[in-house]
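For reference, the chains in residue letters:
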Amino acid sequence: MKMTARFLARLTRPKNDGRLHWAVWVLLGILLAVMPWIIAAGFGNTWLRILNFALLYVMLALGLNIVVGFAGLLDMGYIAFYAVGAYLWALLASPQFGLHWPIWAILPLGAALAGLFGVLLGAPTLKLRGDYLAIVTLGFGEIIRIFLNNLNAPVNITNGPQGISAIDAVHFGSVSLARPIDLGIVTIPSLVAFYYLFLIAAMAIIGIAMRLERSRVGRAWAAIREDEIAAKACGINTRNVKLLAFAMGATFGGVAGGLFAGFQQFVSPESFGLLESVMVLCMVVLGGMGHIPGVIFGALLLTLLPEIFRQIAGPIQLSLFGKIYVDPESLRMLLFGLSLVLVMRYRPGGLWPSPQHQREIDDAQHVDAPPAVPVHHR
Amino acid sequence: MDIFLQQIINGLVLGSIYALVALGYTMVYGILGLINFAHGEVVMVGALVAYSVMTALLPTGLPPVLLALLALLVAAPVCMALAWAIERYAYRPLRHAPKLAPLISAIGVSILLQNLAMMIWGRSYHAFPDILPPIHYDIGGAQITLLQVATIVLATGTMAALVWLIQRTAMGQAMRATAENPAIAELMGIPINRIIMLTFIIGAALAALAGLMVGANYSVAHYYMGFMLGLKAFTAAVLGGIGNITGAMLGGLLLGLIESLGGGYIEDLTGGFLGSNYQDIFAFLVLIGVLVFRPGGLMGERVSERA
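Protein chains in written order, with the numbering used here: chain G, 1 to 378; chain F, 1001 to 1307.
Heads up, a few of these hints could be off.
[As the list claims (entries may be wrong)] If we take Cβ atoms under 10 Å as the criterion, some of the chain F residues that face chain G in the derived model are: (1) ILE1104; (2) GLY1108; (3) TYR1137.
Source of the hints: derived by calculation from the structure; they are not laboratory data. Just so you know, these numbers come straight off a predicted model, no measurement behind them. Virtual Cβ for every residue (Gly too), placed ideally from N, Cα, C.
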């Protein structure tokens, strides 16, 4: 027992260069690989579905993290890019227009289109102050949703509020992930196959995000986030670099959107409301802005916790009061709002902040920058 | 011609409501440089409280105008108390925090209020009782109701009173000084915390009035109504030049006219391709247009960069 504990401690302790032991990665890999089987057997397909959605949200949160966490630009309409990716898939691979394009054509196209929308939105607004940006992006998200909702007349493109159904599931050649895949030795159920696909996509996005953070561009983003004027003085083309942040973040959203449409096989404007944008923002902020493990943690927490909550809140009220007083759904949003306020007040770096960010916050409390409004502290 | 005139009248009514809400945004922004994201929700709470008071007192048989007055007398203090709590607990502790923090906190408050309202008043649309008898006046082929006249007159009167308060009283002078430079204002002996709080509370009182007007004019109150209204009022404030009181009024009226005329004529302009269900888009187009071409707004002198 003691031996195992010591072994585990040695494994998880970072080496001098801050990297973990390779065995940890192997164990993590095995765990991630067998996870869907365990969950499907132990908790049923509902939870496996939820896990798949959690992976989609990890991708979305990492995309938004580039914009909000790395570059410090508050984007309140991020879900619009998710919508662009999802609707592109829905239009190019469904009976709506009779098109059935393959995944390697749609996904890059969706990413590119979302990126283009990111640039279109960013170009006129990025030279403005941060809080204006929040409002404009919020408005942009609403505009996209209004168009999706209304573009069924006079030419029916999006099928309006009914949404588009019977979308092709993700398929590679004749192998469709919507049906169990028979590999001879084992048969992979559809949900597990989607899990692996999403896991690979999420891994790729995590990898890209980590490389981006340490790249030249990533350092430029951090510089802009900390002090835009100083960054400009150092010769950074702030407008282009910010545009790049917007485009990169949007691209991730587009990919996640496409996968969502290919998984759900149904899209409607309802899935892309402001609350979804706020939810993804919550994941980034609560997890820890700019800290990739924190953001992943935030995304998993905020997808899984409400589901657990949903299963528990109703029965608890029933057993305590004999009837359901508060709809668990609105209670969930209520707690989101409350947690945003509380986290900003007591843990501004998020639940799992990056060590560097935490240091800066601590510093800021000692060395006081000239405050905008001086106040008496009681 | 009469349709044009009718849209102008509708636009003025809508615009004077926007102006009242926009004042709340612009006053807070002028002093703290903060977009008070929850302001729209305060309007919503005002409307719903007024609705509850009026429906509760309806069986007493009091004249509707008196009911409306009572509703306002309840709704305004509720909104003011709400604004006090928001400022005290969600914004004040964050004044020294990094610049995104107060904004995110404000979004949190907004979600919180929306869902609280949904728990209290439910998801359904509530039909607002009639305040004034449905009397019409004809002006050059267009119709204006007594309620619309009352709305415009009351909004104008309130705004005039606000301008007087800010320009002519000692309290207004203190507010202007705080907006100009809080540090020096404090050195001059101005209790800036109290002044900031007062600004929030005055904004909330205007919001309660605006909430009652929205309910009365569009006969409906709903937990989600504050969001769009708040966004548009903010747009109006930006259009007029954020931080500028007169600008907010002008911006509100202008935005109301743009929306009303745009919504009325969009079908003709686009050859029937876009219908009046795109009306909500105008506000955002105006917002983006102003921010790109004249970030200071129509009457603002301060330029956008104040990092």
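Violated constraints from the hint list, given by number and in increasing order: 3
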